[in-house]
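Top to bottom, those sequences are chains A and B. So the first sequence is numbered by my numbering: it starts at 1 and just counts up by one. So the second sequence is numbered by my numbering: it starts at 1 and just counts up by one.
Check before you lean on any hint, since a few could be wrong.
[Stated by the list, open to error] With a straight-line cut-off of 30 Å between C-alpha atoms, the simulated BS3-like cross-links for lysine-lysine are:
{"no.": "1", "chain 1": "A", "residue 1": "Lys399", "chain 2": "B", "residue 2": "Lys210"}
{"no.": "2", "chain 1": "B", "residue 1": "Lys56", "chain 2": "B", "residue 2": "Lys154"}
{"no.": "3", "chain 1": "B", "residue 1": "Lys470", "chain 2": "A", "residue 2": "Lys399"}
{"no.": "4", "chain 1": "B", "residue 1": "Lys42", "chain 2": "B", "residue 2": "Lys289"}
{"no.": "5", "chain 1": "B", "residue 1": "Lys470", "chain 2": "B", "residue 2": "Lys393"}
{"no.": "6", "chain 1": "A", "residue 1": "Lys399", "chain 2": "B", "residue 2": "Lys56"}
{"no.": "7", "chain 1": "B", "residue 1": "Lys393", "chain 2": "B", "residue 2": "Lys210"}
For the record, the hints were derived by calculation from the structure and aren't laboratory data.
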Amino acid sequence: MSAIDFWLGRHRDTAAGLPGADLPWLVRLREDAIDRFADEGWPTTRRENWRHTSLAFMAQQALAVREAVAPETVVAALRARYQAARGAAQDAAQQGAKSAPQSAPGSAPELAPELAHNDGHWVVFVDGHFAPALSAIGGLPGGVRIGSLADALAQTPEKVEAAFGQAGDGEAPAALNAALAADGAWIRLARGSMVEAPIHLVFIAATAADQHLRNLVVADAGAQATIVEHYPAGAAGSTLTTAVTRVLAAQDSHVTHLKLQQEAPEAIHLATIEAEQARGAVFTSHSLSFGARLARNDIRTRLAGEGAEALLNGLYHADGRRHVDHHTRIDHARPQGTSREFYRGLLDGSARGVFTGRILVAQDAQRTDAMQRCDNLLLSRLAEADARPELEIYADDVKCAHGATVGQLDEDALFYLRSRGVDAVHARQLLTYAFAAEVLERIAHAPLRALGRAALLERLPEGARLEELL
Amino acid sequence: MNAPTPAAATSPARRGDAIGAFLEQDYAAGFETTLDTDTVPKGLSEDIIRLISARKGEPDWLLDWRLEAYRHWLTMTPPAWAAVQFPPVDFQDIVYYSAPKSKKDGPKSLDEVDPELLRTFEKLGVPLHERARLAGVAVDAVFDSVSVATTFKKELGEHGVIFCSFSEAVKEHPELVRQYLGTVVPPGDNFYAALNSAVFSDGSFVFIPKGVKCPMELSTYFRINARDTGQFERTLIIAEEGASVSYLEGCTAPMRDENQLHAAVVELIALDDAKIKYSTVQNWYPGDKDGKGGIYNFVTKRGDCRGARSHISWTQVETGSAITWKYPSVILRGDDSVGDFHSVALTNNLQQADTGTKMIHMGRNTRSTILSKGISAGRGSNTFRGLVKVTPKAEGARNYTQCDSLLIGDRCAAHTFPTIEVRHPTAHVEHEATTSRIGEDQLFYAMQRGISAEDAVSMIVNGFCREVFKELPMEFAVEAQKLLGVSLEGSVG
Numbered sequence: 001m002s003a004i005d006f007w008l009g010r011h012r013d014t015a016a017g018l019p020g021a022d023l024p025w026l027v028r029l030r031e032d033a034i035d036r037f038a039d040e041g042w043p044t045t046r047r048e049n050w051r052h053t054s055l056a057f058m059a060q061q062a063l064a065v066r067e068a069v070a071p072e073t074v075v076a077a078l079r080a081r082y083q084a085a086r087g088a089a090q091d092a093a094q095q096g097a098k099s100a101p102q103s104a105p106g107s108a109p110e111l112a113p114e115l116a117h118n119d120g121h122w123v124v125f126v127d128g129h130f131a132p133a134l135s136a137i138g139g140l141p142g143g144v145r146i147g148s149l150a151d152a153l154a155q156t157p158e159k160v161e162a163a164f165g166q167a168g169d170g171e172a173p174a175a176l177n178a179a180l181a182a183d184g185a186w187i188r189l190a191r192g193s194m195v196e197a198p199i200h201l202v203f204i205a206a207t208a209a210d211q212h213l214r215n216l217v218v219a220d221a222g223a224q225a226t227i228v229e230h231y232p233a234g235a236a237g238s239t240l241t242t243a244v245t246r247v248l249a250a251q252d253s254h255v256t257h258l259k260l261q262q263e264a265p266e267a268i269h270l271a272t273i274e275a276e277q278a279r280g281a282v283f284t285s286h287s288l289s290f291g292a293r294l295a296r297n298d299i300r301t302r303l304a305g306e307g308a309e310a311l312l313n314g315l316y317h318a319d320g321r322r323h324v325d326h327h328t329r330i331d332h333a334r335p336q337g338t339s340r341e342f343y344r345g346l347l348d349g350s351a352r353g354v355f356t357g358r359i360l361v362a363q364d365a366q367r368t369d370a371m372q373r374c375d376n377l378l379l380s381r382l383a384e385a386d387a388r389p390e391l392e393i394y395a396d397d398v399k400c401a402h403g404a405t406v407g408q409l410d411e412d413a414l415f416y417l418r419s420r421g422v423d424a425v426h427a428r429q430l431l432t433y434a435f436a437a438e439v440l441e442r443i444a445h446a447p448l449r450a451l452g453r454a455a456l457l458e459r460l461p462e463g464a465r466l467e468e469l470l
Numbered sequence: 001m002n003a004p005t006p007a008a009a010t011s012p013a014r015r016g017d018a019i020g021a022f023l024e025q026d027y028a029a030g031f032e033t034t035l036d037t038d039t040v041p042k043g044l045s046e047d048i049i050r051l052i053s054a055r056k057g058e059p060d061w062l063l064d065w066r067l068e069a070y071r072h073w074l075t076m077t078p079p080a081w082a083a084v085q086f087p088p089v090d091f092q093d094i095v096y097y098s099a100p101k102s103k104k105d106g107p108k109s110l111d112e113v114d115p116e117l118l119r120t121f122e123k124l125g126v127p128l129h130e131r132a133r134l135a136g137v138a139v140d141a142v143f144d145s146v147s148v149a150t151t152f153k154k155e156l157g158e159h160g161v162i163f164c165s166f167s168e169a170v171k172e173h174p175e176l177v178r179q180y181l182g183t184v185v186p187p188g189d190n191f192y193a194a195l196n197s198a199v200f201s202d203g204s205f206v207f208i209p210k211g212v213k214c215p216m217e218l219s220t221y222f223r224i225n226a227r228d229t230g231q232f233e234r235t236l237i238i239a240e241e242g243a244s245v246s247y248l249e250g251c252t253a254p255m256r257d258e259n260q261l262h263a264a265v266v267e268l269i270a271l272d273d274a275k276i277k278y279s280t281v282q283n284w285y286p287g288d289k290d291g292k293g294g295i296y297n298f299v300t301k302r303g304d305c306r307g308a309r310s311h312i313s314w315t316q317v318e319t320g321s322a323i324t325w326k327y328p329s330v331i332l333r334g335d336d337s338v339g340d341f342h343s344v345a346l347t348n349n350l351q352q353a354d355t356g357t358k359m360i361h362m363g364r365n366t367r368s369t370i371l372s373k374g375i376s377a378g379r380g381s382n383t384f385r386g387l388v389k390v391t392p393k394a395e396g397a398r399n400y401t402q403c404d405s406l407l408i409g410d411r412c413a414a415h416t417f418p419t420i421e422v423r424h425p426t427a428h429v430e431h432e433a434t435t436s437r438i439g440e441d442q443l444f445y446a447m448q449r450g451i452s453a454e455d456a457v458s459m460i461v462n463g464f465c466r467e468v469f470k471e472l473p474m475e476f477a478v479e480a481q482k483l484l485g486v487s488l489e490g491s492v493g
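All chains, please: the whole structure from these sequences, using the hints.
Here it is as structure tokens:
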């Protein structure tokens, strides 16, 4: 059972053994967090932020693994997929370079930097704990640290404290996470450092029914990195993942975050991504949500310094009776911030897709430029899409707009394709893919874009056939 | 309502002053009529409800209906989700019934009406008496709680149209009232609707029989006059098969320091092929510059497109009230039915408005349009809150929503909180929203063409609201523009 008492018991039993149990601030924070969770309980639709997603069933939900997986197989498969995606991206780039008229004959086409080097830095967590044997962090530029939170708590607790967050942050599941998380990634990017290859964080539920991860990213001034969170399908059965990722982006830093959620069909996935951007910092979040029975992502960024820029980009696909919810919030606290938000959803079967996007412009945040869009495609009779694009504005010199649509494929476009000899099924698939691909196009890193594309095609019926058509 | 005060007519040299002057206009309808009124004691209890019901000579079933609503109300708590802030209302500190004392049998003609009362209406510009005939508007004027004069009743009667006060309808057409009352807004619908159901004092009743196009626009002026009096009117409009009607509602309240509560319920019912157009200009007293006083306007308005091809259209211009909490909605039950919502909401000083609409698509091929223009000035706060819901059987539903906000000054707030819930794949739902302000360059452009700053502000505001104004009946459009402190020459339609 996953009732509140169960988690209170878990906290009582495990708190003393958690990393950092000797740190008074962390002990207090964990206690406050579990108290808050006990107080709030699993959110129900009576809470405004959960109006379309209820976790009330969690109180009765038994969490159990029916069939465990071998984590090394999962990691190997994932790395192979990434390699294939990188190969595909390289091929595409080479082809592009060859056909481009300005490339001199005979000279080797030049590859974009992100294609030229290795597969990146792999940090693997199994059942909520760092798995060094499966990880391959590799060489890092000076001043960059990538490792586990547990180690960081032992070595540099004061640095972790500054980034850890508070018991009151986020929604109730984030509080549960604060109380229980034993590990997660710890990424520190020193001033001006740049990590060229992506930092892959892989979280596998292999044998445990629940895992709780807290990832902290601290980017000092001018630092640059791309961080990928992979949640591949793990153990079969009702499992729970809670994850909190916090990004502190100092002045003029560039942090790109991509989350690829492909959890097993019965999994419950509750995640929070929180960023704080200083002056001129650029934060990009891509959220690709394809798996789990219920997935909820709370994504928030605060433009706390002047001239910060944020891009929240997302794509979700759900079928069967699955439920996917993105709850985003962009907080413009200082002047001249720019934010762009684009979300698209594909809903099939009896699935339900929920999007809430709040843009908050504080009185101080003059000359804010914010734009938000959410479009949903209903692919079946019983699918449901709920959208709540919200603007909350306290400044007058701003440019803010939002738009939301829900609909089905354009009959004219379908007709056009069919008149060109594409059969109805594939015309439909092609248009569905094209609708979703727009989101993927915003992923600047070519191999990651290719990875996202492969993951999408896997989700679409007859994706393999579609691949030939493209 | 009279034209705005001369405060705006002076032409300050500086641009900033022009906007200031535009914002600082006095409340032109702020006068009080001294009348002998017949009131019940303060507070709310079953006894008070029995007293109201007895005083109005109501049948037992209506008293029971009120009491049931009251008992339900006791179990409810005031809604807290709206983006408005105010101290809790003491519901025991309100006088729930107030009627001008009149001759025993009530006024039989305008000559019998208290001249003081008529002067009030005159000051407000209500086209009562001869002016009514000239303007071609039938007026059911509600003064506090009792309808004092109804004109044009005879002419309407010839077409079979019933247009009377609610109390009169209860006496003369009880079967109609009983059949339709509470079928769109059930007594327990929400906190304020339940309160209204328990204590409602009067309102308008309109019945358009089968196939009749109402020969004139119907209009009601509501006016809160007596001190410490809440106004709880109830309006019920029924358009039978193929009938159509345009209904106008205008509101003003005199200036007062304490806050007054206004909790009305409006129910519209449109059967097959019927059309109801409901227009409101709401100009209750908004409170002074420091937010002292003003009306709390907590209103439940809902239309039910019960029949196929029926059409309900809400148009509102909300410039008054300290706090507005109002969501005129349409339930699109009939196949091919249509719902519209057109709104202009202006908040100035410390006014707060949380308004919007709900469009519930249930029938096949239903369509709805939402057009909302919010203007925030001073320290005003303006929120659009909406819901577009497409239920699993609503094949071919179509919605288009456009919400625009205009900000004047750097201390105001504008929010947009729409919700879209779609459960049918053939639905086509679109929502667009923008927020902008009156730009210095826009003002500069107008001024360098010889247009005064104040006229330029007016022009821009009017241009911003044009799409909604053109939905208003002529007289209302004129009034609405005056209310925004603006004169737009000629091109109003």
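Each hint tested on the structure:
1. Taken as a hint, the A:Lys399 and B:Lys210 pair is broken in the structure, with Cα atoms around 50 Å apart against an allowance of 30 Å.
2. At most 30 Å may separate the alpha-carbon atoms for a hinted pair to count; B:Lys56 and B:Lys154 meet this at roughly 24 Å.
3. Restraint check: the Cα-Cα separation between B:Lys470 and A:Lys399 comes to about 27 Å, which is no more than 30 Å; the hinted pair holds.
4. Straight-line distance between C-alpha atoms of B:Lys42 and B:Lys289 comes to about 29 Å, which keeps the hinted pair within the 30 Å bound.
5. Straight-line distance between C-alpha atoms of B:Lys470 and B:Lys393 comes to about 34 Å, which puts the hinted pair past the 30 Å bound.
6. Restraint check for A:Lys399 and B:Lys56: not satisfied, since their Cα atoms lie roughly 54 Å apart, outside the 30 Å limit.
7. Restraint check for B:Lys393 and B:Lys210: the C-alpha separation of about 28 Å stays at or below 30 Å, so the hint holds.
The structure fails to meet hints 1, 5, 6 from the earlier list, while all remaining hints are met.
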